[in-house]
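Trainee: So you can see what is in the structure, the chains are spelled out below.
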Amino acid sequence: MAAAQSGDRVAYERVLGESVGLIRAVARRQGVPPDQLDDVVQETLITVHRVRHTYDSGRSFHAWLAAIAARRAIDILRQAGRRGRRELHEPLAVELHADEGRASDAAEHAERAAALRAAIATLPPGQREAVEQLGLHERTLAEASELTGRSTGALKVNLHRALKALRDRLHGEP
Amino acid sequence: MAQAPDHQSLIHALGADLAPVRPLRPPLWRAVGWALLLAALAALLAWHYGLAPMLTRWRGAPDLAWAALGAVLTALVGGWVALSLGVPGRPVAQAWLVLPPALLWIGASGVGCLRSWLAPDTVLATAAGARGCLEFILAFSLPLSALLVWLLRRAFPLRPVLTAMIIGLASAAGSASLLEICHEFDAAATDLALHALAVGLVVGANALCGGRLLQPSRRRHVG
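Chains as they are written, first to last, in this note's numbering: chain A, 5 to 178; chain B, 92 to 314.
Don't take each hint at face value.
Said to hold, decoys possible - Cβ-Cβ distance ranges computed for the label pairs, FRET-style: (1) A:His141 to B:Gln185: 27 to 37 angstroms; (2) A:Arg63 to B:Trp241: 18 to 28 angstroms; (3) A:Lys168 to B:Trp120: 50 to 60 angstroms; (4) B:Tyr140 to A:Thr126: 28 to 38 angstroms; (5) B:Ala296 to A:Thr126: 39 to 49 angstroms; (6) B:Arg113 to A:Leu120: 54 to 64 angstroms; (7) A:Ala125 to B:Trp138: 32 to 42 angstroms; (8) B:Ala137 to A:Ser10: 40 to 50 angstroms; (9) B:Arg244 to A:Arg132: 19 to 29 angstroms; (10) A:Lys168 to B:Gln99: 36 to 46 angstroms; (11) B:Ala137 to A:Val14: 23 to 33 angstroms; (12) B:Trp138 to A:Arg18: 54 to 64 angstroms.
No wet-lab data here; the hints were simulated from the structure.
Where is the CB? At the ideal position from N, CA and C, for every residue including glycine.
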């Protein structure tokens with residue numbers, strides 16, 4: 005990891021690849037269900053990338069990584085809990101408003117599209133750009149990279165972060 | 092997720108985005124900066140008010156000196172603990188280290204309250220004086236808390252609320268230590284109560300605002 009801090013990409017990718025097993029183990033210990041383990045792995049890898057400067061080469065890498073993975077596992081469990089509570093009320097809502105559903109489909113669709121547009125507008129410029137180029141205009145990574153001047157790697161990371169931010173915002177997560 | 096995500100592709104993307112970073116300085120280094128600032132403020136106040144009145148008070152009431160020592164240690168240890176909590180993997184149990192100096196500070200301050208009965212001639216705080224202490228602690232705690240938050244700007248506190256509370260305690264203790272230099276009277280129950288109120292307000296405000304400020308999900312990317 006110390007080599008990665010100084011920009012060694014090979015060492016960085018190797019250490020991230022080797023971290024997946026430990027992250028999954030930590031997430032399992034925290035009680036994350038098997039179908040959400042990959043979410044924890046992805047979130048932890050992105051967090052590690054973001055805070056890699058906080059690693060102290062004189063201390064245990066495993067302790068550092070495990071602490072981040074445990075935090076992300078708890079976040080995923082909380083998000084799932086909140087989503088679960090909301091979804092519990094959906095059958096009741098459908099029952100109460102069964103007839104209104106079809107009639108208001110178009111309005112609901114327009115409302116969702118507006119909410120999505122508003123959420124995209126609030127993204128940081130780099131993430132908004134990635135969503136617009138790759139998601140809305142359906143450009144290839146190479147085309148988007150040429151148009152924006154950003155590397156394909158940066159575009160992928162920005163798109164991943166943007167999708168997470170949009171998912172959180174549209175589902176009402178903080 | 093509907094299908095397992097491709098970790099390798101994310102790892103390649105993160106690798107492509109890799110840039111060299113300056114490692115965060117160890118918490119002890121940054122804590123030295125915090126201690127130096129407190130020392131500089133103390134030197135300014137000592138230059139303005141002089142140390143003689145404080146030393147005279149301490150000779151007459153050694154418990155005040157113990158309370159001041161407790162406050163100084165709480166500020167220093169609290170600052171270091173807060174900075175340590177900003178580094179993933181550091182044991183959270185370190186937070187307990189602020190307890191012994193805080194108990195010394197609070198316990199020795201409490202002894203001062205008994206003196207109004209034991210030594211009735213002691214010069215005690217008036218209501219206005221005690222209010223002045225409250226204002227002093229609040230006024231100094233804000234910039235001191237802001238400084239500790241600034242020292243944590245590149246850190247990643249996994250327990251933001253606990254970190255913010257320790258910041259509040261450290262900055263309130265730092266303010267109380269500085270107040271000792273220009274405190275004109277012995278501690279009375281009202282004075283102590285207002286000190287406690289000030290510390291409570293600072294810790295509570297930090298927990299409310301600092302917790303949000305230090306929340307990992309709200310921090311900007313620095314890598």
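Trainee: Is 50 to 60 angstroms a correct range for the gap between the Cβ atoms of lysine 168 of chain A and tryptophan 120 of chain B?
Mentor: With Cβ atoms ~34 angstroms apart, the hint is violated.
Trainee: Just to be sure I understand the hint, the distance between the Cβ atoms of tyrosine 140 of chain B and threonine 126 of chain A should be within 28 to 38 angstroms; is that true here?
Mentor: Violated, since tyrosine 140 of chain B and threonine 126 of chain A (Cβ atoms, about 51 angstroms apart) do not stay within the stated range.
Trainee: With respect to the beta-carbon atoms only, verify the hint that arginine 63 of chain A and tryptophan 241 of chain B lie 18 to 28 angstroms apart.
Mentor: holds (24 angstroms)
Trainee: CB of arginine 113 of chain B to CB of leucine 120 of chain A, is that within 54 to 64 angstroms?
Mentor: Violated - the Cβ-Cβ distance for arginine 113 of chain B and leucine 120 of chain A, about 38 angstroms, lies outside 54 to 64 angstroms.
Trainee: Just tell me: holds or violated, for the beta carbon distance of arginine 244 of chain B and arginine 132 of chain A against 19 to 29 angstroms?
Mentor: holds (25 angstroms)
Trainee: Per the hint of 54 to 64 angstroms, is the separation of the Cβ atoms of tryptophan 138 of chain B and arginine 18 of chain A within bounds?
Mentor: holds (56 angstroms)
Trainee: Is the distance from the Cβ of lysine 168 of chain A to the Cβ of glutamine 99 of chain B consistent with 36 to 46 angstroms?
Mentor: Between lysine 168 of chain A and glutamine 99 of chain B, where Cβ atoms are some 19 angstroms apart, the hint is violated.
Trainee: Do the Cβ positions of alanine 137 of chain B and valine 14 of chain A conform to the proposed distance bound of 23 to 33 angstroms?
Mentor: violated (56 angstroms)
Trainee: Is the distance from the Cβ of alanine 137 of chain B to the Cβ of serine 10 of chain A consistent with 40 to 50 angstroms?
Mentor: holds (44 angstroms)
Trainee: Look at the Cβ atoms of alanine 296 of chain B and threonine 126 of chain A and judge whether their distance stays inside 39 to 49 angstroms.
Mentor: Since alanine 296 of chain B and threonine 126 of chain A have Cβ atoms about 28 angstroms apart, the given range 39 to 49 angstroms is violated.
Trainee: Does the hinted range 27 to 37 angstroms hold for histidine 141 of chain A and glutamine 185 of chain B at CB?
Mentor: violated (50 angstroms)
Trainee: Per the hint of 32 to 42 angstroms, is the separation of the Cβ atoms of alanine 125 of chain A and tryptophan 138 of chain B within bounds?
Mentor: violated (54 angstroms)
In this structure, the hints that do not hold are numbers 1, 3, 4, 5, 6, 7, 10, 11, in rising order.
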